[in-house]
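S.K.: For reference, the chains in residue letters:
Protein chains: 2
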Amino acid sequence: MRLSRAFLPTLKETPAEAQIASHRLMLRAGLVRQTSAGIYAWLPAGLRVLRKVEQIVREEQDRAGAQEILMPTIQPAELWRESGRYDDYGKEMLRIKDRHERDMLYGPTNEEMVTDIFKGFAKSYRDLPRNLYHIQWKFRDEVRPRFGVMRGREFLMKDAYSFDLTKEGAEHSYRQMFVAYLRTFARMGLKAIPMRADTGPIGGNLSHEFIILAETGESQVFVSQDLLDYDVLADTPDYLGDLSPIVNFWTSHYAATEEMHDEAAWAQVPEAKRVSARGIEVGHIFFFGTKYSAPLGLSVQGPDGKPVAPEMGSYGIGISRLVGAIIEASHDEAGIIWPDAVAPFSAAILNLKPGDAGCDALCEQLYAALSPEAVYDDREERAGVKFNDADLSGHPWQAVVGPRGAAAGRVELKRRATGERAELSLEDAVARIKGA
Amino acid sequence: MRLSRAFLPTLKETPAEAQIASHRLMLRAGLVRQTSAGIYAWLPAGLRVLRKVEQIVREEQDRAGAQEILMPTIQPAELWRESGRYDDYGKEMLRIKDRHERDMLYGPTNEEMVTDIFKGFAKSYRDLPRNLYHIQWKFRDEVRPRFGVMRGREFLMKDAYSFDLTKEGAEHSYRQMFVAYLRTFARMGLKAIPMRADTGPIGGNLSHEFIILAETGESQVFVSQDLLDYDVLADTPDYLGDLSPIVNFWTSHYAATEEMHDEAAWAQVPEAKRVSARGIEVGHIFFFGTKYSAPLGLSVQGPDGKPVAPEMGSYGIGISRLVGAIIEASHDEAGIIWPDAVAPFSAAILNLKPGDAGCDALCEQLYAALSPEAVYDDREERAGVKFNDADLSGHPWQAVVGPRGAAAGRVELKRRATGERAELSLEDAVARIKGA
Chain A
1 MRLSRAFLPT
11 LKETPAEAQI
21 ASHRLMLRAG
31 LVRQTSAGIY
41 AWLPAGLRVL
51 RKVEQIVREE
61 QDRAGAQEIL
71 MPTIQPAELW
81 RESGRYDDYG
91 KEMLRIKDRH
101 ERDMLYGPTN
111 EEMVTDIFKG
121 FAKSYRDLPR
131 NLYHIQWKFR
141 DEVRPRFGVM
151 RGREFLMKDA
161 YSFDLTKEGA
171 EHSYRQMFVA
181 YLRTFARMGL
191 KAIPMRADTG
201 PIGGNLSHEF
211 IILAETGESQ
221 VFVSQDLLDY
231 DVLADTPDYL
241 GDLSPIVNFW
251 TSHYAATEEM
261 HDEAAWAQVP
271 EAKRVSARGI
281 EVGHIFFFGT
291 KYSAPLGLSV
301 QGPDGKPVAP
311 EMGSYGIGIS
321 RLVGAIIEAS
331 HDEAGIIWPD
341 AVAPFSAAIL
351 NLKPGDAGCD
361 ALCEQLYAAL
371 SPEAVYDDRE
381 ERAGVKFNDA
391 DLSGHPWQAV
401 VGPRGAAAGR
411 VELKRRATGE
421 RAELSLEDAV
431 ARIKGA
Chain B
1 MRLSRAFLPT
11 LKETPAEAQI
21 ASHRLMLRAG
31 LVRQTSAGIY
41 AWLPAGLRVL
51 RKVEQIVREE
61 QDRAGAQEIL
71 MPTIQPAELW
81 RESGRYDDYG
91 KEMLRIKDRH
101 ERDMLYGPTN
111 EEMVTDIFKG
121 FAKSYRDLPR
131 NLYHIQWKFR
141 DEVRPRFGVM
151 RGREFLMKDA
161 YSFDLTKEGA
171 EHSYRQMFVA
181 YLRTFARMGL
191 KAIPMRADTG
201 PIGGNLSHEF
211 IILAETGESQ
221 VFVSQDLLDY
231 DVLADTPDYL
241 GDLSPIVNFW
251 TSHYAATEEM
261 HDEAAWAQVP
271 EAKRVSARGI
281 EVGHIFFFGT
291 KYSAPLGLSV
301 QGPDGKPVAP
311 EMGSYGIGIS
321 RLVGAIIEAS
331 HDEAGIIWPD
341 AVAPFSAAIL
351 NLKPGDAGCD
361 ALCEQLYAAL
371 SPEAVYDDRE
381 ERAGVKFNDA
391 DLSGHPWQAV
401 VGPRGAAAGR
411 VELKRRATGE
421 RAELSLEDAV
431 ARIKGA
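Order-wise, the sequence lines are chains A and B. With my numbering, letter number 328 in the first sequence gets 328, and the count goes up by one each step, no holes. With my numbering, letter number 319 in the second sequence gets 319, and the count goes up by one each step, no holes.
Chain A extracted, bound-state conformation:
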């Protein structure tokens, strides 16, 4: 996109309401704009990040055998009465009456609805196992929304739901999601560590949170360096095969949130490998058995002809939250440092002298070669403004073109993460950017 025609606004001032780095940077870099307390509109650059995060999540869900559906945002209250959660959920649930005075709600999660949908079709054990996921906006009416998209009221979430005939089957489904989550976060340039979680009001006895480390994290975590060093993407998992070895590796090394921390076990970790840091939760997986299938009347005919309530699990990733979490994990004083896989654009092309024939020609060539993954700063602005905006926006590469370089056919290429610079020909610069 050409900045002269794009809607990619940046702010010079830091908005007063933003308390944490990601919130501040998302507003200043023009990724989002608040429209009500805890509710945001996504501007073009922010939406590009959101879509890239979403697409990585989708690809890894599909790879693990989950199937995408899309449930609506508005749900009937009756379903939640059947499960018993309608009264339990409290004021976080946005309750609505439609024009016929029927009780509706804006879904904060979808266990009830997916169980009811599946019930409409599944008749026999041959219809199992299945794992259905959707990526949809949800609403939790937080009493004090804050931290931007990290704790908003309207948020985008991927939630998957598995249905199995037996507990053993459900454990395999759980491991599939466990491994898919490791890959999902690794592809975004994140080190997400699975940590055993309290199962809380949702119930069940198998649950992990996936937590990334960031100085500004919301909670204290304790983790073995061995887990941080492990290269997740080196494995190519066979999702139909036995995934226990991968899960066992992760669960046999120490990793715990403050609530689940065990000082005695921690003392067993060699001192040099003990990492105590701040963490941000980006995913959560649960096994909860027949907690919803039983009350909602989902049952299939088993191999012996008798009805069986499927064993279920649910698996969430906060997609809009991840955009903030990635920034918390990757920024500096000057702005955002996007990991390559989720950057809104791979490169910013900075024309230091628009109107100079050499600069314009070289920039146009670069732009043609890199579009649509480049922003072209063709504005009539001082070089300093362009440098600052590019650093703030955090594109992995900056291709800087001034009159002297242009005359020699050279581009100055800067890597945002390291500050490294190199003077390259157009072809080499394009190759470096595309190879990243």
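Incorrect hints may appear among the rest.
It does not matter which identical chain is used: a pair holds within one copy or between any two.
To be verified - 30 Å max Cα-Cα, derived DSS-like pairs, lysine-lysine:
(1) 91 / 138
(2) 12 / 119
(3) 138 / 119
(4) 353 / 12
(5) 353 / 123
For the record, the hints were derived by calculation from the structure and aren't laboratory data. In this text the structure is predicted, and so the values were computed from the model without any measurement.
Go by the hints and put chain B onto chain A.
M.R.: Structure of chain B alone, referenced to chain A:
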């Protein structure tokens, strides 16, 4: 997807509540499932169609220079009080109180919100023109929702909003969307005819509906055969150049809905070219000037230093509605006939004898060559069931593999739309399917 493991359920019985073909077929083919009155969950096959429709809309919006953003579903009531529409809108607007008793609403459209967002950034005439669009779920609390996704309460819509310094500029933006809409519908295999529309309560003086012809259409339309014969995709429009010739061609031939029909002008159309048919509205474009920019206080500094309220237009396409409309325009007694560009899968592979080594091997080869754009019917079912499900589901191609054909390395390829059949080698069958 392998049907033995997929969540692609079909229904044998026609659901009683469905009055029109698309609603009936969408339920029977397992594209959607109703979760409340006028609210639907999209199952995997339906979601694939929805996403393909959405992606065509997106590509043509981008090509025309519009920029994608994403506004939230929940809006503050104050914005609608500023524009004066909060009280006008009536019971179709889903009104909500949050936990702090603030008045919110589920957006039925976004003129107010986009104007407010743009106001936060646009300062000067240099920030114009811009066209911002989003693709988001909306809610209209219809008193009697019916016709499935054609008239649902929660629906997916693309809405674009243009901002220009002058009326002439706004007319150019209007023409950009006019031409983009022609291309969008043509790419989906639809003949959508722009018809001059009453501007209604939204105001303004330039407005067209885009209407497709279907026997089961909701209203009567009158159109010249010349428009139906025109090949939209033969043109490659230059969106920055003068689009008047294209728009003039369309507006100089007769096309009108019943409300705007003019018998005297219709009598001027040569009798052989008069087509009177039923139509379904799939898009709507408006110019409305400063109707929202003025009351909401959006103004930019003009070239002469004086403040100017931008001239605006809005441009909608009902994306979820289109899925139903396409089926209304393209089905037969046996089921759906998907146009190639929006089909959930290009082909169904029908294994007539699972367990037969030759059939299995040939089907696996076909599936590997066509995945992920094929469904593989590997179920233990009678051939008749498989034929019926494939016809119902409407995949453009059916690749039928029986023991005799498999032994000779031959596939029977059927084109769903015409019923034409050919016996081909695997390579030729794959090439035919991919070339469609």
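S.K.: Taking the hints in turn, state whether each one holds.
M.R.: How the hints compare with the structure:
1. 91 / 138: This pair counts as both: shortest intra-copy Cα distance 15 Å, inter-copy 23 Å.
2. 12 / 119: This pair counts as between: shortest inter-copy Cα distance 17 Å, intra-copy 53 Å.
3. 138 / 119: both (23 Å within a copy, 27 Å between copies)
4. 353 / 12: Result: close within a single copy only, 22 Å intra versus 68 Å inter.
5. 353 / 123: between (69 Å within a copy, 23 Å between copies)
Hint compliance for this structure: every hint is met.
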